[in-house]
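> What follows is each chain in one-letter form.
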Amino acid sequence: MTSPHLDPATAAAQAVDSVSDAIIIAEGVEKWYSNNFHVLKGVDLTVRRGEVVVIMGPSGSGKSTFIRTFNALEPYQKGRIEIDGIVLAPKMRNVEAIRREVGMVFQQFNLFPHLTVLENVMLAPMEVRGWKKAQAKDKAGELLERVGILSQAQKYPGQLSGGQQQRVAIARALAMQPKVMLFDEPTSALDPEMVREVLDVMRTLAADGMTMVCVTHEVGFAREVADRAVLMADGLIVEEGTPQQFFSNPQRDRTRQFLSQILH
Amino acid sequence: MGYTLNYSVIFNNLGFFIEGAIATLQLAMTSILLGLLLGILGALGRTSGNRILNSVAVAYVEFFRNTPFLIQLFFFYFGFSSVGLRMTSWQAAVLALAINFGAYSTEIVRAGIEGIGKGQIEAGMALGLNKMQIFRRIVLVPALGNIYPSLVSQIVIAILFTSVVSQISAEELTFVGSYLQSRTFRSFEIYFFISLLYLVIVWIVKLSAYLIQRRFFGFMRYVR
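Here the protein sequences come in this chain order: A and B. Residues 1 to 264 (our numbering) are what the first sequence spells out, left to right. Residues 1001 to 1224 (our numbering) are what the second sequence spells out, left to right.
Keep in mind that the hints were calculated from the coordinates and are not lab data. Treat the numbers as computed from the prediction; the structure is a model and nothing was measured. Note that the Cβ used here is the ideal one computed from N, Cα and C, for glycine as well. The reader is advised that the hints may include incorrect statements.
What the hints assert, rightly or not - Here are the in silico distance ranges between beta carbons for each label pair:
(1) B:Leu1160 / A:Pro58: 56 to 64 Å
(2) B:Asn1130 / A:Arg80: 32 to 40 Å
(3) A:Arg49 / B:Phe1063: 54 to 62 Å
(4) A:Gln135 / B:Leu1053: 16 to 24 Å
(5) B:Leu1053 / A:Pro75: 38 to 46 Å
(6) B:Tyr1191 / A:Ala189: 53 to 61 Å
(7) A:Gln77 / B:Gln1091: 53 to 61 Å
Unchecked claim - In silico DSBU-like links for lysine-lysine, alpha-carbon gap of 30 Å or less:
(8) A:Lys139 / B:Lys1118
(9) A:Lys179 / B:Lys1131
(10) B:Lys1206 / A:Lys133
(11) B:Lys1131 / A:Lys137
(12) A:Lys91 / A:Lys179
(13) A:Lys139 / B:Lys1206
(14) A:Lys132 / B:Lys1206
(15) A:Lys155 / B:Lys1118
(16) A:Lys155 / B:Lys1206
(17) B:Lys1118 / A:Lys179
(18) A:Lys78 / B:Lys1131
(19) B:Lys1206 / A:Lys137
(20) B:Lys1118 / A:Lys132
Claimed, not checked - Sample of chain A residues at the chain B side, in silico, Cβ under 8 Å:
(21) Ile23
(22) Glu96
(23) Arg99
(24) Arg100
(25) Phe106
(26) Phe112
(27) Val128
(28) Gly130
(29) Leu150
(30) Gln152
(31) Tyr156
(32) Gln159
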């Protein structure tokens, strides 16, 4: 990352800066599934505050598993993950403390079917942050308005379209006021005509300065919004770079091959 | 047949019958609510992933589903009193019915919990909820919604089971019937009328179950 025309002192200062600015630091992360499959083979990734990182890669490459280690939904066996200065140790006690700072949006939305849209968004702030009902309701209303779904607040998730449900899921995660948002293929389960409304919400979020790590194959979104694009294959990061470099001038054969497959 | 039907025994003792029916309803409701609580705890044990809790729950279910209820009842009433733990017949009846219903509902509720998708639990974890919060706020209501019809059938069976406790002289509807029968010998009229009263009790409970379903499980209509 160091530019050649900086003197060494400035470069070092910048390096220190970028480290203290990092909110996610993953170093040599390795994971085996219980059937001994080596899904992550030593993955390094540092995400700075306010950065938008898009992770792409063929299915089975470990990209979802990798981001799910950031909020301890997946344990890992080797390496080190630090989220906002707290090391995610295996079998740690207060894992909830990290999870409430890291929002996650899932491929299948995973809204709670027995709660209305409004209640879905209010639940975690009340249970986890101990907010009063009125406060949680105000915040939920504000967030639902932001994702354009306030008029559906009293409906159940099952009454909404996939795109609407995913926007509620984003609002639900934001209600915890997380420092990082993880997106695990947020548009993969959607009908094509609903992809855009979800990506638009994600664009706004990025523009507001949210730190985001997105596993997605939406090239348009990655080119426009991401600060960095990453290719994972076979449990390793193969290539990373600015979207400009990554899509227009990839350095690795594996990246070129993957891009030719998704840019049919 | 030299038997002339005479329903005066019913009319003369109507208040007595109604009292018995109310007692049966109270007995059923108390033991079913307690039993459901036991069932939820049992199902928690069965799904906890903790080997000891699971074994305790399995043993509980196996024992109380595979032995006769009448024997369970005698065990709580006569067996316990003979080792010095004396209960009234009413207390023993509630206890036996609740524990028996708890065993059946453990397996029903367990099926409901196992029907909850992994994604639901992960969503709760990702929001920072702890295990107990996830169970109470995310898993429990949809799990009960999943198995509500089976649970209601089991509740009806439990209501009808309450008649057995007349055997330890717990004063409920069947006890009232047997008592009047022994004094008047009007078996046909009395047991026919008592059957009708049980039918009404079951209908009341089923109607309540329907209202509860509308109030708490209305969302199930929208769940694929």
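> Next step is simple, just say for each hint if it's right about the structure.
Hints versus structure:
1. For the pair Leu1160 (chain B) and Pro58 (chain A), the beta carbons lie near 59 Å from each other, so the given range of 56 to 64 Å is met.
2. With their beta carbons about 25 Å apart, Asn1130 (chain B) and Arg80 (chain A) fall outside the hinted range of 32 to 40 Å.
3. Remark: the range hint 54 to 62 Å for Arg49 (chain A) to Phe1063 (chain B) is upheld by a beta-carbon distance near 58 Å.
4. Evaluation of the 16 to 24 Å hint for Gln135 (chain A) and Leu1053 (chain B) yields a failure: the beta carbon distance comes to about 37 Å.
5. At roughly 22 Å, the beta-carbon separation of Leu1053 (chain B) and Pro75 (chain A) lies outside the given 38 to 46 Å, and the hint is violated.
6. Checking the proposed 53 to 61 Å range against Tyr1191 (chain B) and Ala189 (chain A) shows it holds: the Cβ atoms sit about 59 Å from each other.
7. For Gln77 (chain A) and Gln1091 (chain B), the hinted distance range of 53 to 61 Å is satisfied, since their beta carbons lie about 54 Å from each other.
8. Under the criterion of a C-alpha separation no larger than 30 Å, the hint pairing Lys139 (chain A) with Lys1118 (chain B) is consistent with the structure, at around 28 Å.
9. Among the hinted pairs, Lys179 (chain A) with Lys1131 (chain B) is consistent with the structure: their alpha-carbon atoms are about 23 Å apart, no more than 30 Å.
10. The straight-line distance between the Cα atoms of Lys1206 (chain B) and Lys133 (chain A) is roughly 34 Å, outside the 30 Å bound, and the hint therefore fails.
11. In summary, the hint linking Lys1131 (chain B) to Lys137 (chain A) is supported, as the alpha carbons are separated by about 24 Å, within the 30 Å threshold.
12. Restraint check for Lys91 (chain A) and Lys179 (chain A): satisfied, since their Cα atoms lie roughly 23 Å apart, inside the 30 Å limit.
13. Using a Cα cut-off of 30 Å, the hinted pair Lys139 (chain A) and Lys1206 (chain B) is violated, with the two alpha carbons roughly 40 Å apart.
14. Proximity of Lys132 (chain A) to Lys1206 (chain B) is assessed by CA-CA distance (about 37 Å); at most 30 Å being required, the pair is judged violated.
15. Simply put, Lys155 (chain A) and Lys1118 (chain B) have alpha-carbon atoms about 23 Å apart, close enough for the 30 Å limit, and the pair holds.
16. With a C-alpha separation of about 27 Å, the suggested pairing of Lys155 (chain A) with Lys1206 (chain B) holds against the 30 Å cut-off.
17. A hinted pair counts as satisfied when its Cα atoms are at most 30 Å apart, and Lys1118 (chain B) with Lys179 (chain A) qualifies at roughly 25 Å.
18. The suggested pairing of Lys78 (chain A) with Lys1131 (chain B) holds, with an alpha-carbon distance near 26 Å, which does not exceed 30 Å.
19. Simply put, Lys1206 (chain B) and Lys137 (chain A) have alpha-carbon atoms about 36 Å apart, too far for the 30 Å limit, and the pair is violated.
20. Only pairs whose Cα atoms come within 30 Å are accepted, and Lys1118 (chain B) paired with Lys132 (chain A) is accepted, the gap being roughly 29 Å.
21. For Ile23 (chain A), the suggested interface contact is broken, since its CB lies about 17 Å from the closest CB of chain B, more than 8 Å.
22. Below 8 Å, beta-carbon pairs count as interface contacts, and Glu96 (chain A) has one with chain B at about 5 Å; its hint therefore holds.
23. Interface hint at Arg99 (chain A): satisfied, since its Cβ lies 4 Å from the closest Cβ of chain B, which is below the 8 Å cut-off.
24. Because the closest C-beta pair between Arg100 (chain A) and chain B is about 3 Å apart, less than 8 Å, the hint holds.
25. The beta carbon of Phe106 (chain A) comes within 6 Å of a beta carbon in chain B, closer than 8 Å, and the hint placing it at the interface holds.
26. Hint on Phe112 (chain A) holds. Least Cβ distance to chain B is approximately 6 Å, under the 8 Å limit.
27. Hint on Val128 (chain A) holds. Least Cβ distance to chain B is approximately 4 Å, under the 8 Å limit.
28. This hint is violated: Gly130 (chain A) has a C-beta 12 Å from the nearest C-beta of chain B, more than the 8 Å allowed.
29. With 8 Å as the threshold, the beta carbon of Leu150 (chain A) stays out of range of chain B, its nearest partner Cβ sitting at about 19 Å, so the hint is violated.
30. At its closest, the beta carbon of Gln152 (chain A) sits 12 Å from a beta carbon of chain B; the interface hint therefore is violated under the 8 Å criterion.
31. The restraint placing Tyr156 (chain A) at the interface with chain B holds, with a minimum CB-CB distance near 5 Å, inside the 8 Å limit.
32. Taking 8 Å as the C-beta cut-off, the interface hint given for Gln159 (chain A) holds, the closest approach to chain B being about 5 Å.
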